[in-house]
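Engineer: Sequence:
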Amino acid sequence: MSLTLRVYVPSHPLIKHWLSVARDESTPTVLFRSAMTELGRWLTYEATRDWLPTTESEVQTPLAPCPATFIDPEVPIVVVPILRAGLALLDGAQALLPLASIYHVGLVRNEETLEASCYLNKLPEQMPPGTRVLVTDPMLATGGSSHSLLKLLVERGVDPSLIRIVAVVAAPQALQLLGADFPALSIFTAAIDEGLNDRGYIVPGLGDAGDRTFGT
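When you line the sequence shown up against numbering that gives the first Met the number 0, it's residues 0 to 215, in that order.
Quick caveat, the hints were computed from the structure, so don't treat them as lab data.
The beta carbon of each residue, even a glycine, is placed where N, CA and C say it ideally should be.
Don't take every hint at face value.
DEER-style ranges, computed between Cβ atoms [what the hints assert, rightly or not]: (1) G214 with D49: 15 to 25 Å; (2) L30 with P9: 16 to 26 Å; (3) D180 with T60: 18 to 28 Å; (4) A63 with T215: 32 to 42 Å; (5) P97 with D158: 20 to 30 Å; (6) D23 with N120: 15 to 25 Å; (7) A94 with S147: 24 to 34 Å; (8) S147 with F213: 42 to 52 Å; (9) P52 with R5: 34 to 44 Å; (10) P182 with L98: 28 to 38 Å; (11) D180 with Y7: 32 to 42 Å; (12) G156 with I101: 11 to 21 Å; (13) E55 with L119: 21 to 31 Å; (14) A63 with S147: 45 to 55 Å.
Please put together the full structure from these sequences, using the hints given.
Structural biologist: Okay, here's the thing in structure tokens:
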């Protein structure tokens with residue numbers, strides 16, 4: 000059976016609300032950060048559905064024994080924010096995955112060639128089999144940064160079908176690139192926008208997520 004990239008745009012009013020706040024150019028930095036945190040939280044909630052490993056057990060309620068389902072602590076869960084904009088979604092994601100290991104990867108885009116290059120790599124040399132990896136990358140524009148990170152993850156033994164990307168907005172160009180090389184991947188985004196302008200920015204997008212998050 001052939002694999003096809005799975006892209007989910009959750010129809011949740013809270014996601015739609017915070018996306019609209021983030022898009023508005025008049026939103027101040029402090030509120031923009033709040034919007035990104037909330038988007039990180041709710042998109043991570045959607046992305047972890049049917050993805051987190053569970054184990055069955057039994058607990059004793061005040062009245063009787065009862066079947067119970069817990070997150071399996073033996074299966075590693077990792078969150079990788081792509082610096083620096085990926086940090087904007089990290090607080091929301093980490094609130095739902097407090098025991099996840101956090102590995103930072105810094106990727107910068109050449110504004111002329113639009114190619115991504117790595118300036119920081121804190122990934123371990125090898126990931127245990129079955130590791131779940133959540134990538135936070137607010138803007139899937141050309142897809143170059145996420146594509147570069149996915150190659151690094153696969154080199155370290157991560158199964159692409161166990162990777163989830165959480166993004167705020169995505170362009171069709173990025174989805175095409177990622178789908179061609181990583182068809183088992185799943186992406187959760189608040190919106191799929193029209194495309195890119197001549198500078199490689201998503202239109203209508205929300206501007207530079209890093210600059211608006213950190214006020215620089």
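Engineer: Does each hint fit the structure? Answer for all of them.
Structural biologist: Structure-based check of each hint:
1. The supplied range of 15 to 25 Å is broken by G214 and D49, whose beta-carbon atoms lie about 37 Å from each other.
2. About 22 Å separates the C-beta atoms of L30 and P9, a value consistent with the hinted range of 16 to 26 Å.
3. Between D180 and T60 the C-beta distance comes to about 49 Å, which lies outside the given range of 18 to 28 Å.
4. Taking 32 to 42 Å as the suggested C-beta distance range, the pair A63 and T215 does not conform, at roughly 57 Å.
5. Separated by about 24 Å at the C-beta atoms, P97 and D158 satisfy the suggested range of 20 to 30 Å.
6. The hint said 15 to 25 Å for the Cβ distance between D23 and N120, and at roughly 35 Å that hint is violated.
7. A94 and S147 have their C-beta atoms about 27 Å apart, which keeps the hinted 24 to 34 Å range intact.
8. Checked against the hint of 42 to 52 Å, the pair S147 and F213 fails, with Cβ atoms roughly 22 Å apart.
9. For the pair P52 and R5, the supplied restraint of 34 to 44 Å is violated, since their beta-carbon distance comes to about 19 Å.
10. Against the hinted window of 28 to 38 Å, the Cβ-Cβ separation of P182 and L98 comes to about 30 Å, which satisfies the hint.
11. About 19 Å separates the C-beta atoms of D180 and Y7, a value inconsistent with the hinted range of 32 to 42 Å.
12. Remark: the range hint 11 to 21 Å for G156 to I101 is upheld by a beta-carbon distance near 19 Å.
13. The hinted window of 21 to 31 Å between E55 and L119 is violated, with their beta carbons roughly 40 Å apart.
14. Between A63 and S147 the beta carbon distance is about 53 Å. The supplied range of 45 to 55 Å therefore holds.
When each numbered hint is compared with the structure, violations occur for hints 1, 3, 4, 6, 8, 9, 11 and 13.
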